[in-house]
Amino acid sequence: MHKRIRNFSIIAHIDHGKSTLADRLLQITGALSEREMREQFLDKMDLEREKGITIKLQPVRLKYSSKDGQEYILNLIDTPGHVDFSYEVSRSLAACEGALLVVDASQGIEAQTLANVYMAMELNLEIIGVVNKIDLPGAEPELVKQEMEDVLGIDRDEIILISAKTGAGVEDVLEALARQIPAPDNKEDDPLQALIFDSYFDSYKGAISYIRLVSGRLQKGDIIRIMSTNKEFEVMEIGVLSPYMTEVQSLSAGEVGYMAAGIKNVNDTRVGDTITGAQRPAQKALPGYQEVKPMVYCGLYPLENNDFEKLREALDRLKLNDASLFYEPESSDALGFGFRCGFLGLLHLEIIKERLEREYDLGLLATAPSVVYKVILTDSSEMYVQNPTRWPEPQKIEQVMEPYVKATIMVPHDYVGAIMELCQEKRGNYLTMEYLSPQRVMLTYKLPLSEILYDFFDALKSRTRGYASLDYEISGYETADLIKLDIMLNGEIVDALSFIAHKDKAYYRARAIVTKLRKIIPRQMYEVAIQAAIGNRVIARESVKAMRKDVLAKCYGGDITRKKKLLEKQKEGKKKMKQIGQVEVPKDAFMTVLDIDKD
Amino acid sequence: MSGQSLLNNASSERKKLMRNYSTGIYIHIPFCIRKCNYCDFFSVPLPAKEYLQRYTNALVAEISQRAHEGAGKKIESVYFGGGTPSLLSTEQLETIIRALDDNFRLPADMEISMEANPASLNARKIQDFTNARINRLSLGVQSFSNDDLRVLTRIHSAEDVRVLIDILHSQGLENFNIDLIYGIPGQSMDRWIKSLQTAADSSPMHISMYLLQLDPGTPMAMDIKKGRMAMLDEERELEMYTLGREYLQGRGFDHYEISNFSFPGRECKHNLIYWQAGEYIGIGCGAVSFMDKSRFINKPDLKAYLYAIENRQERPVEEIEKMSHKGLIADAIILGLRLCSGINMEKFRSRYGIDISREYSEVIKSCSQKGLLKIENGQISLTRKGYFLSNEVLCQFIA
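Residue numbers (my numbering), protein chains in the order written: chain A, 1 to 599; chain B, 1 to 399.
So that you can see chain A by itself, here it is in the shape it has in the complex:
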């Protein structure tokens, strides 16, 4: 049986058509009826469907009858396509024997895709090249094939041309999966080793783990052991996703499925952990995933103070399948009790925040994101600062270091100048430039992570008409001339608005943020002074004039209902404000530090 199992991932850049291809695979293999079909079926989150981006597809098991007359089981275990989530790629790939590399026929290979393909190659995965969107007017499939051969060494003659949208060529993809990807090793008789590659929390069944069995067998009623904690659980249910949860009697080596074992504590089923049998345990765990460290931190505070516990529970749940999410309680003078949260990047931050708000019905306020600075004090001790409020007194600071990344940017050669200019602005150091083809260039730069965080990606896209792609990895800490900027409202420092800036840019940023705050803080009963200061020195100021007018000039019989609606709206508006001292501040204000470069 295991001989006809094919476990594969799809590696694709965001927008290169992964979800659509997955839809087509579901359709052709008959996993879903026409009636059940909806677009982006495997995008688990509404959020993904709305944003039109796929972070990661839900795993699915497909049955495919090949031209050789055999029926194959194809397990799709997806990899995320966004740089924020590159660590997740390794954990998906580790559960597969092969990967589909999907490249957009008009875009070519993107930096992020390249990094993921290299990872797949290191893991010895069989790679099937696919060029998608060949039906579009701008498609240049031959050029893209050539590029795939030149850059990745994939034989251009074996690359499949498809249009996931129209379905053209998709049969060939299925055929190639069946034919080219090796079957998993047959280790059914060895002790159980199953890799948890994803999990989520179900209110009835407890933690549901998505697993790939590497060796042994698993049955309902088995007692299993989580190898990192040595805790044991009884298997309540196992099954496959086809694409709905379908219970099965057993799973064996090579197979992919889900398991519920009444695990209530989220720490007991970490992604990357190995499950083994309590009766006949494996000698050692599967190679786990490398621990990922958050790169960006921000404070998340409930708008309603008594939602603090609810927020903690929600974070616990999300942490279950997101090992990279970090949080610890913190408090702010301005915002009360909340959590300092660590993320892989801004998209990750945004997604977690939105999920908390939607899935857990929390009103949240996020402070400006910060990287982790390394501060060496005058007494030679070191500290890591991920919250500007913890910044030491300037006189105690000997040296400040900030995280740098090595960024790889791929771009059509016409835009090289624009990219270089941008990297200069962002305090970047040029490393290398390489021609991938006569048209495409790969640039590498060393850049401060904090500069990449804010708006680098948007700037990159807008200056290259969307053609540039970016990948980066942390390269280490470097000395930098950084200072802490405080924002004051009516003379009082609002701790949650403080941020760290490069000295050369401090004035500009201070100016921009007070201007922005002036625009978004509504007029109040009193004039509000907005100041930005380094220590005691105010370097920028603005003021919001006192409110003069807030009146409905007329209100007669026919107007009452309508005017009352206006008043209700006004009252609702008040709720979206955070009262800081005497000043009502809109909750978005705390993220403004982020946006200031965009205007």
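Hints listed in this document are in silico derivations from the structure and should not be mistaken for laboratory results.
Careful: at least some of the hints might be erroneous.
[As the list claims (entries may be wrong)] For lysine to any residue, the following SDA-like pairs were computed, each having C-alpha atoms within a straight-line distance of at most 25 Å:
(1) A:67 with A:171
(2) A:563 with B:230
(3) A:519 with B:216
(4) B:35 with B:125
Since this is a predicted model, take the numbers as computed values, not measurements.
Assemble the complex: chain A is given as a structure, and chain B must be docked to it using the hints.
Using the frame of chain A, we list chain B on its own:
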């Protein structure tokens, strides 16, 4: 608390109204010669003269259909609003008033008010309207500067108004109101003072002074959005408001509601009914009624309205709000606080069964601290500062 302190500043007319929570009748005439660019009331350009007759007939039919709603109520005022009710012919007006009298029994000396566009009146018409029992006119003057009038796309000129006012005085119709607008794009302080002066010199009994506020759907709002004109800044608007208030008070007018001024005893009785949360029967297309704790609207769709009435179908009513007790209280407060004398808390308690000062102690405390609200002699009212920031206060009383 005695009833006396409640009425400290109130006229005897108002006394009577407050005791009875009397009922008013509102008649909507939704036609205009041309719609002004800032107007968001329900009105349509008059399609053809015959329409007015057809509409009059429909009004008469609706009046008789709804006669029962007046049973046991004391009708205290009739108000013709619009649109431009002064477009009605004398005969049409007479017909409507006769129908009202037949069905609702209008007391002999009651106030019957009509809104009028200065361009739609002449000596003859005024004479006829007075004979038809109209005893109060509200003139949509808006400004005495032709520059302002052009910005507002009014169809009349300042001269039209002067002529009209002479006629009113010569015919002894002294009970009229002048509507003024301030905050008009391009309006200078000087122009505003001149408008106020000319208005006061015209010796009306009542002046309404409205801040120009634009509904986003109006053509003028689009002009503003597209940068073709600009609203005045808030500081200037406040200055105009303060100046207007002080000026009119200096000329002997009582400031009795956020935007309304009158000589003592000459408040608009109909509007007092609204602000005192009284009941009213709205007749005509788009008219709103507040009866038996519910607020209704006749659908603002002329065709649907005429069709329903002419074919004796049900009135095309949509219920807006069936008010809860809490909702009634909130309404009574946000309306009552518009009056400068405010709300008598003892009276309020006996009418609605709650003690405002206890129920809303926090809101009252914070608004008082900000100098927007005050409690004096058992009356809760906005302060002078509070008038122009009233929403800030009122929105907090909403449930």
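Results for each hint:
About 10 Å separates the Cα atoms of residue 67 of chain A and residue 171 of chain A, which keeps this hinted pair within 25 Å; it holds. Our distance criterion of 25 Å between C-alpha atoms is met by residue 563 of chain A and residue 230 of chain B, whose separation comes to about 24 Å. Between residue 519 of chain A and residue 216 of chain B the alpha-carbon distance is near 21 Å, which keeps this suggested pair within the 25 Å criterion. Note on residue 35 of chain B and residue 125 of chain B: the hinted pairing holds, with a Cα-Cα distance of about 22 Å set against a maximum of 25 Å.
Hint compliance for this structure: no hint is broken.
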